[in-house]
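Asks: The chain contents come next:
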Amino acid sequence: MELLLIEDDAMLGQAVELGLSERQFVVQWVRTGAAAISELNRQPYDVAVLDLGLPDLDGSRVLASLRKKGQPLPVLILTARDDSREVVKLLDLGADDYMVKPFDMNELAARLRALVRRQRGYASQQLQVGPLTLDDINHQVRVHNQDITLSRREFELLKALMAAPDRVHSRDKLENLVFCNEQQVESNALEVHVHNLRKKLGNKEWIQTIRGVGYRLACN
Amino acid sequence: MQLIRRFQRKLHSIRRRILIAVSLVYLLSSAVSAVWIHQEISHEVDELFDAEMVQQAKTLLALVSIVEQLPAQQLTIDPLNAHSYEGKLSYRIEQHDGNVVMQTRGSMDLSRIDFREGFSIQQIGQEVWHTFGVSSADQRYRILLLQEDEFRAEIRTDLTTDTVIPVLTLLPLMLWLGWWTINRNFASFTRLANALRRKRSTDYQPFTEANDPEEVALVKRALNHYLHRIEQSFLRERRFSADAAHELRTPLASLKAQLQNLIRRADNDEQKQQLNGLLTSTERLVKLVESLLLLARTEMPPEPMQALNVASIARQVMADYYHKLEAKGLQYQVQLPQRLEWLSDEAYLSMLLTNLIDNAVKYAPPGSIIEVSVQQGELLISNEVDGVHQIDTERLTERFYRGQQLDVDGSGLGLSIVKQLAQQLQLTIRFERHQQRFIARLHFDTDQQTL
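Just so you know, the sequences run in chain order V and A.
If you're matching positions, the first sequence starts at 3 in our numbering and goes up one per residue.
If you're matching positions, the second sequence starts at 167 in our numbering and goes up one per residue.
For the record, the hints were derived by calculation from the structure and aren't laboratory data.
Bear in mind that the values here come from a model prediction, so they are computed numbers and not experimental data.
Cβ atoms here follow ideal geometry from the backbone N, Cα and C, with glycine treated the same way.
Wrong hints could be hidden among the right ones.
Calculated cross-link-like contacts (lysine-lysine; reagent style DSSO-like; alpha-carbon spacing at most 27 Å) [to be verified]:
#1 206/V to 494/A
#2 490/A to 175/V
#3 490/A to 438/A
#4 490/A to 206/V
#5 453/A to 490/A
#6 254/A to 224/A
#7 365/A to 490/A
#8 175/V to 528/A
#9 254/A to 453/A
#10 453/A to 438/A
#11 453/A to 494/A
#12 494/A to 175/V
#13 175/V to 161/V
#14 71/V to 91/V
#15 161/V to 490/A
#16 202/V to 175/V
To give an idea of the interface, some chain V residues facing chain A are shown, with a C-beta separation under 8 Å as derived from the structure [as the list claims (entries may be wrong)]:
#17 18
#18 103
#19 150
#20 213
Extracted from the complex, chain A is given alone in its bound form (with noise of 0.2 Å):
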């Protein structure tokens, strides 16, 4: 059972079902002539022996005519021991009457055959003898030649297995050329699939058609097609994204513009104090908008990864953040190595461990300490948490989640962009609570990198 399924599962090989159908065709024919090779070979051998035995007749008709009177008692001629095939052919010289005067000694009874005029086929037990009768001018003696069968047989079998046995010895040759010309000429495709699997993902430059098989060729367009279609869809998100960002950002700026203008020219501290509060709501809202836009622009994936200086790029967000962090009266506590190298993309991962960095600042408590530091490969970044809220790790990264803490100024999408942004950088990020601390520890996967 499991040798059939074994079986069919080889059989989802084109080249295999191609090679085996091709060495059946093969056998099929092979069969087919050595059957008509033997039917063809056994007509000339029955012409060649019959137009001998003729010969053999006419020659025993000429002596019959020459002596007067053959003795009437039966005379037989002992074989000759020359040939082992002699017992096979032999002849019989009978009277009229069917009395035998001459006939050859043989390993069978000659007169149980029959006299027949012209040639016939007579089967005498297990044996079956070709004859030919013939009768003298003036009808006064038959002749009657006779060949066993088996002398014929084994011309037609040696002729006929001659041909075939060649035929046969070639089959392995034969389907170990298949097998070669196969895999050749099927390399083309072994090759396309190559050359798909190492494209980036953001990569549609159709493939060359040069000199490829009109099989091959017939793939490469269809997947140049599509590839044109992927990039058409690509830049129209992209478009879309890009033409969001401009209708989205001009009123807001207006708006801002705007407001600003009002608080200047503002009579009053009420006033003032009451235009201040909208100036914060349109900065929320920028932020909202700014993230959103953000979670949209990294939806696509980023440019080709090269090698980089993470803890290089770690600093500067940080060195970016220091004035934030120092409102807030908070320290870092950096323990980067000189260099992390990872394969990464600058702006990508330097949105990524801003994103980071400036949860960590939002949620500390003021004057504790941030951690950054790398600890077998990983990079951390912790802050201190108060112990009242609790904070579901699960669903950190779901959009708009913002745990208990909702006095806190934020949008609820940093860490959902912190989590897209981290699988288009192909990272793993984890969230955890330690005792009085969260950790968000970003990993670099360097068996998947070299993928």
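Pulled out of the complex, with its shape left as it was, chain V reads as follows (with noise of 0.2 Å):
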């Protein structure tokens, strides 16, 4: 995989070309975003790593320009900044994730590599945790290659729950959801559907309960 790093500090954009040769890409590295925006015009990439606080042009001034010319490639920010708004900003004019500096090396591969997987339609929404497989075009889900039919709202969920398995999702936000922030929804309503989920999915185990906060998924 061929990866534009962008980052203008000579220490940690040398750490950060070791850390993702080893890891199976092919970093070239630039130190400023004119060098960045002529080296994307000189051959395409896999996949960028762009740093925001750049000598001569601010990171998002590349990230402008890039998009303009209509380079798809994924783009992942490292920002020093705390602002969210910012974070918010650089999403909107197209990059596609962020981390926040200091990263860890391990998460930063594994998220470049997730970005050049689902660029290349690899696994393009599909979800597999376990044994459910959810597909989001076709809207079908799979329990052990079983097909069952799901209502919109127990798809959703199950969807929500499976983006991020292992992690517990708060009953609010489950709620906003699922039920897309409709007005009146029934305090029970939720509950409702996660017990006809459940036995859909025929494993009552799989969806777990954290009393007062929220549900998981465990299935793994």
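Hints in hand, dock the two standalone chains.
Replies: If you want it as structure tokens, here you go:
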């Protein structure tokens, strides 16, 4: 996988270049925004890591220029600032992911691989957790390769749980997702859907209730 | 004494001072004009009546001249009793040697008044008389016309009073009108004060100066200038905090990445162990820097507050922390309502609750229970504590205070951050130890919020 690293700090650039090279990335490292833009014009890359605080151009300008030319490569932003509005702005500008410094090298590599995979269409819109497979495009759910039929809300619920398995999802977040911020939702409506979903999945252990907090998928 | 102090306090109002000053000027000018009018009237009245005395004298002279010989014995003319002022007007005709031949009878013996040529004023006892004396052309007779001053004085007083009374009657009306006008003009200041009170602490928008009286505009300009300076220093501080974040995090990121690279490449376990020790220290440093940055960042007031479902935010924080809880064998015991609405800021409140839960998870003994509940409007987060270590609840929120459990991984900044965030969100936070539990109580003061 060819990766363009845009990072002005010498020490960090060197470390990331080395670390990613050891993790099956072919890394080209540039230290200015101008160099990044000309490098991207010169040859196609699979993915880019972009630091925001560059000496010549602001990272967001590089990103904007890239997207303006219609270059589709996934971009992961590295930021040292903690302004959440800035992050939202960048995601709106077309960034695919971001990490706040200092980051974990393994996590960075994993996220980059996921970005490339998504870009190439592998496992596109398909989620798999243990015996469960969810296809977002065809609205299909399989348990041990057996198709099951879910209502729209049950499907959304399962999708949310499968998107981040092993994580606890607060009931408020799930309610918002499943009921799309509808007003006047019955207080036990979510419980009813979870109950039905458990029945259809055939194993009640798979969706754990964290009392007073929310739910978690545990079927690995 | 108290009355004087109260009066002095009342005088601390510009409006009252203006009103009192204007009233005093009004009264003083009324007094001056009254005196002046009195003078003028006296002069005119004297002129008029003196002229009349001359006219009467001429009439009497004419009568005397056509009479050949006036009787030698004194002739007294009785009052006609036609008018009450009759007694105040008299005349006397005498021969050249002072032998009175004719005089009006009045209340007073006229012989006490001397004959003086021309106009003169004579005081006899309590009374003051204006006299006009004239001799006939053949020098045989002398005529003296007399007017008591009281007669003139009454006209003077009456006319003066008539001009002063309306001025004084109008005083209450003038006071009321003055008070109304002053209040109306000072309303601009009251409006400005209200606008200033409503302004949020992060709102540096200048006040608009349209249609303001000069004085209010002056204050507004000064305020706008001040707001601008505050905004500049606010921006400077925020920029510093952002720059510091950047400058600290980049080398730390580099340090961490290089260590991870080294660990990956380490040849033997011993080397790996040492490097892992370095990585742990680095991660502690990262946490400390993050805490310090958070502390610096949350010194800024939050975004405008909104009504938020605190219970929902608490559940989200608990969900995000569940893996740490599970790793330590802890459990939640939750008693939260579906909704608990506070006026707050989501980012700040979320950070506050995260720090409280983090603290609870850190200090709870493995296998114990962390309670999160709402009791009488207060949000409670509590964890079990061992009985060995003392907790100094007074010092908990001091920066870098770590109590006695030094083996627990922490920077001693968590509860300082909590305290600061609580202040920014206008929440009251109390820590207490109740038997085997350490309890953090977060209280939302409704009265404070409605201000």
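Asks: Are the hints correct? Go through all of them and say.
Replies: Results of checking the hints against the structure:
1. 206/V to 494/A: holds, 25 Å
2. 490/A to 175/V: holds, 20 Å
3. 490/A to 438/A: holds, 25 Å
4. 490/A to 206/V: holds, 24 Å
5. 453/A to 490/A: Holds - the C-alpha atoms of residue 490/A and residue 453/A are around 16 Å apart, at most 27 Å.
6. 254/A to 224/A: Distance ~20 Å between residue 254/A and residue 224/A Cα, so the pair holds.
7. 365/A to 490/A: violated, 42 Å
8. 175/V to 528/A: holds, 26 Å
9. 254/A to 453/A: Not satisfied, since the Cα-Cα distance of roughly 113 Å exceeds 27 Å.
10. 453/A to 438/A: Distance of about 22 Å is within 27 Å: holds.
11. 453/A to 494/A: Roughly 20 Å between the alpha carbons, so the hint for residue 453/A and residue 494/A holds.
12. 494/A to 175/V: Holds. Residue 494/A to residue 175/V sits at ~25 Å (cutoff 27 Å).
13. 175/V to 161/V: holds, 13 Å
14. 71/V to 91/V: It holds: about 19 Å lies between the C-alpha atoms, which stays within 27 Å.
15. 161/V to 490/A: holds, 24 Å
16. 202/V to 175/V: Measuring from Cα to Cα gives roughly 22 Å; hence the hint holds.
17. 18: holds, 6 Å
18. 103: Holds: closest Cβ of chain A sits about 4 Å from residue 103/V, inside 8 Å.
19. 150: Since chain A brings no Cβ nearer than about 26 Å to residue 150/V, farther than 8 Å, the hint is violated.
20. 213: holds, 6 Å
In the structure shown, a violation is registered for the earlier hints numbered 7, 9, 19, in ascending order.
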